[in-house]
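**Student:** Here's the letter readout for the chains.
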Amino acid sequence: MPLPRPTALINMFSLMTTNMIIDSGSQLALQSPTEWLWRFFEWFLIDVYGTVMSLLSEVLGVRMLGYPYMQRAYLAAVCIGVIGPLVGTFLVHRQLSMLADTLAHTAFAGVAVGLFLNATLSLSLSPLLTAIVVAVGTALLVELLIEYAGAYSDTSLAIVLTGGFALGSVLITATDGGIAVGIDAYLFGSLSTVSKTNVGLLVGMSLLVGTLVTLAYRPLLYVTVDATAARAARINVPLYKRLMVVLTALVVVSAMQIMGVILVAAMLVVPVAAAALVATSFKQSILLAILAAEFATITGVTAAYTYGIAAGGSIVLVAIGVYATVLVTTKLTTTTSIVGLIPTQIRRPTDRSDKSIKADGGDEK
Amino acid sequence: MTTETVRVSTDQTPDAPVVSVQDVSFAYGDLAVIDSVSIDIEPGAFLGLVGPNGSGKSTLLDLMVGLREPDAGTVRLFGEPATAFEAGERIGYVPQNATTAARRLPLTVRELVTMGRYPRRLVGRFSDADHQAIDDALRAVEIIDLADRRVGQLSGGQRQRAFIARALAAEADLLALDEPTVGVDAESREAFYELLAELNRSGLTIVLIEHDIGVVTTYASEIACLNRQLFFDGDPEEFVATDALAEAYGTDQHVLTHDH
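Quick mapping for you: the protein sequence lines, in order, are chains A and B. The first sequence begins at 1 in our numbering and counts up by one. The second sequence begins at 366 in our numbering and counts up by one.
For the record, the hints were derived by calculation from the structure and aren't laboratory data. There could be a bad hint or two in this list.
If we take Cβ atoms under 10 Å as the criterion, some of the chain A residues that face chain B in the derived model are [stated by the list, open to error]:
id, residue
1, Pro219
2, Val225
3, Ala233
4, Leu288
5, Ala303
This one's a predicted model, so the numbers in the text were calculated from it and none came from an experiment. All C-beta atoms, glycine included, are put in the ideal place defined by N, C-alpha and C.
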């Protein structure tokens with residue numbers, strides 16, 4: 001393998017340092033923290049990450065790594081591979097896998113609301129912003145329904161899911177189809193529409209979600225494993241349940257651009273299902289799920305570019321491939337029934353009434 | 366067995382009841398499940414709650430640990446109104462079915478037991494004392510060698526011990542168990558009750574719901590028989606001798622004819 005040319009390295013460092021000096025010198029005093037953060041992110045994306053990727057492209061002779069939009073796509077993919085399973089692990093084991101899908105579909109309604117408002121009131125809202133607002137709102141609403149009305153069931157999730165999608169489709173067609181342009185990108189995801197803003201959102205969201213999960217790891221785990229005992233231990237269970245659904249909404253909306261509304265939930269569920277087959281501890285299951293998701297997203301994005309196919313679909317198919325491989329391997333290598341227990345739980349989200357758990361209660365090993 | 370590792374905090378008034386239920390009523394909508402019940406749990410007691418299905422046992426236990434607000438009457442926990450009581454680490458509560466639900470999770474025994482320390486340390490690094498309490502709890506219930514196993518790989522009896530260890534790791538003063546031996550074979554059930562009795566002798570106050578009247582009257586120091594109202598509260602031998610059981614269960618005696 002040829003070594004990177006010294007001139008390229010020198011160029012990279014001089015670019016980094018000059019931009020740093022210019023940015024920190026002229027912008028700090030004049031701009032708001034958000035703008036400064038954005039400047040910093042742009043500098044990171046183009047001058048640091050972009051330069052490193054271009055260098056890699058040159059060294060490895062892989063041309064796609066040199067294209068800025070593919071560089072953005074890979075960065076977005078890496079972020080999705082982290083935050084999807086990070087939040088998904090709690091969600092799946094709280095037996096709310098369908099919630100991710102429900103929120104994705106209401107996020108679609110949020111996108112439609114944004115586009116609709118822009119078209120009718122001549123605003124210039126970012127559809128992602130309205131998507132976040134609608135998805136977080138729905139998340140809290142669903143959690144309230146579960147908490148107070150005892151209404152949690154697949155049925156109520158299905159109503160919210162289809163309701164969101166119905167609202168989205170009505171709003172999109174209400175303006176003579178004028179805003180239907182580009183909606184495919186939201187439905188199926190796309191690599192080419194991943195703008196700097198989208199990647200910025202994803203990186204920011206990854207930092208936020210990562211920080212929140214790290215800080216709230218213990219109460220989130222307690223609530224996931226045994227919510228009643230957590231309540232008896234005087235942990236603020238409603239607060240952490242709400243945090244969990246809001247995190248889900250944030251992850252779904254920020255990953256929607258690449259994955260598509262219809263497929264984004266897979267990143268919170270499939271790698272987690274694969275990891276649950278082999279992990280012994282909860283921490284290990286998060287780590288393995290992230291590894292599986294990274295493999296899926298990076299392979300998927302590469303395949304999408306190479307063969308000109310949908311990125312979201314490719315990523316999900318690779319993830320399911322990982323799951324199937326792990327499932328078959330564990331089935332072949334172990335005969336203990338522990339392995340058999342996990343996929344049952346993940347595949348049958350409906351079969352979770354207290355009654356069914358009670359009926360299982362007599363099993364002994 | 367190393368029961369000396371079970372520590373009981375002494376920051377409560379000596380001899381004040383751990384739980385004091387005064388004239389409490391509770392209904393789910395129009396369905397009254399608890400009707401004017403008064404009962405105290407004294408420090409060091411081992412109280413067995415018995416009664417037919419749907420007699421309000423689990424509801425009463427929830428009221429005792431402050432998970433529900435009574436419609437009438439008062440519940441005091443360590444001298445404070447139960448729902449306002451904040452020292453979560455003093456309550457070791459194992460809900461019904463929690464142990465069967467947990468076996469599906471990718472979760473080690475140690476992770477489960479560590480949760481006992483969460484009320485004391487919700488964020489931040491665990492101290493040496495935290496780790497010591499976790500190890501002591503695992504040793505006390507004799508599952509330290511299973512600490513790195515997945516919870517789902519344990520037998521029913523071992524899983525129950527892991528949940529008890531979670532309460533011991535919290536250094537709880539009150540252990541509240543809702544039908545802990547469902548799905549546990551008879552032999553493990555005996556061993557489990559031996560463990561509870563030993564923990565109780567070392568100072569831990571225990572309240573548990575048990576459908577197996579034979580085993581609970583053997584090990585508990587006090588029996589309360591409930592069917593919406595309190596039919597009996599007192600000595601296990603006395604309980605067996607009276608007809609409180611027949612009254613509480615009505616004419617349907619099939620529960621009593623279990624072959625234990």
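**Student:** All the hints need checking, so say for each whether the structure fits it.
**Tutor:** Here is what the structure says about each hint:
Of the supplied interface hints, the one on A/Pro219 holds, with its beta-carbon coming within about 6 Å of a beta-carbon of chain B, less than 10 Å. About 6 Å separates the beta-carbon of A/Val225 from the nearest beta-carbon of chain B, less than 10 Å, and the hint is met. Taken as an interface hint, A/Ala233 checks out: its beta carbon lies about 4 Å from the nearest beta carbon of chain B, inside 10 Å. Taken as an interface hint, A/Leu288 checks out: its beta carbon lies about 9 Å from the nearest beta carbon of chain B, inside 10 Å.
Because the beta carbon of A/Ala303 sits about 29 Å from the nearest beta carbon in chain B, more than 10 Å, this interface hint is broken.
The structure fails hint 5 only (numbered hints given earlier).
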